[in-house]
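Colleague: Sequence:
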Amino acid sequence: MVAKTRPVLILSVAFIEQERSLVTFVPRTTSVRGTRFEVSHAGRGFEAGAFDAQGVATVPTVQLIRRLGAIDGPTLVQIEAAVKRWLGLV
Numbered sequence: 000m001v002a003k004t005r006p007v008l009i010l011s012v013a014f015i016e017q018e019r020s021l022v023t024f025v026p027r028t029t030s031v032r033g034t035r036f037e038v039s040h041a042g043r044g045f046e047a048g049a050f051d052a053q054g055v056a057t058v059p060t061v062q063l064i065r066r067l068g069a070i071d072g073p074t075l076v077q078i079e080a081a082v083k084r085w086l087g088l089v
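Residue 15 in numbering that gives the first Met the number 0 sits at position 16 of the sequence shown, and the numbers go up by one each step.
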């Protein structure tokens, strides 16, 4: 089985030389379930979908392929809130 390439929102700070080159991300899905951890997104060039905070993960930067764009401020705030809810930080 071949893994699909998926769009993600990176939520990491820049790392410096002696640190591991890892990024934490929130995946974007088109299989929306309507949970409190999803944030709807309808960006240009994308099918209707959502960012799913339940899928938060960390990977080495070598697994990233290319930058697709940037997210608007209000959507980023909603995604950050969903991640905090998922992690029990609120």
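One thing to keep in mind: the hints can contain errors.
Simulated restraints on C-beta separations [what the hints assert, rightly or not]:
1) Val61 with Arg35: 29 to 37 Å
2) Thr4 with Ala69: 34 to 42 Å
3) Lys3 with Pro59: 14 to 22 Å
4) Thr60 with Lys3: 29 to 37 Å
5) Gly72 with Gln17: 16 to 24 Å
6) Gly87 with Val58: 16 to 24 Å
7) Val12 with Ala80: 17 to 25 Å
8) Arg65 with Thr29: 15 to 23 Å
Just so you know, the hints here were simulated from the structure itself, not pulled from any lab data. Even for Gly, the Cβ is constructed at its ideal location relative to N, Cα and C.
Colleague: Each hint needs a verdict: does it hold in this structure or not?
Modeller: Here's how the hints hold up against the structure:
1. Val61 with Arg35: 29 to 37 Å: At roughly 33 Å between Cβ atoms, Arg35 and Val61 fall inside 29 to 37 Å, so the hint holds.
2. Thr4 with Ala69: 34 to 42 Å: violated (19 Å)
3. Lys3 with Pro59: 14 to 22 Å: Holds, at about 18 Å.
4. Thr60 with Lys3: 29 to 37 Å: Between Thr60 and Lys3, where Cβ atoms are some 19 Å apart, the hint is violated.
5. Gly72 with Gln17: 16 to 24 Å: violated (32 Å)
6. Gly87 with Val58: 16 to 24 Å: Taking Cβ atoms as reference, Gly87 and Val58 lie about 23 Å apart, which means the hint holds.
7. Val12 with Ala80: 17 to 25 Å: At roughly 19 Å between Cβ atoms, Ala80 and Val12 fall inside 17 to 25 Å, so the hint holds.
8. Arg65 with Thr29: 15 to 23 Å: holds (19 Å)
Hint compliance for this structure: hints 2, 4, 5 are not met, and every other hint is.
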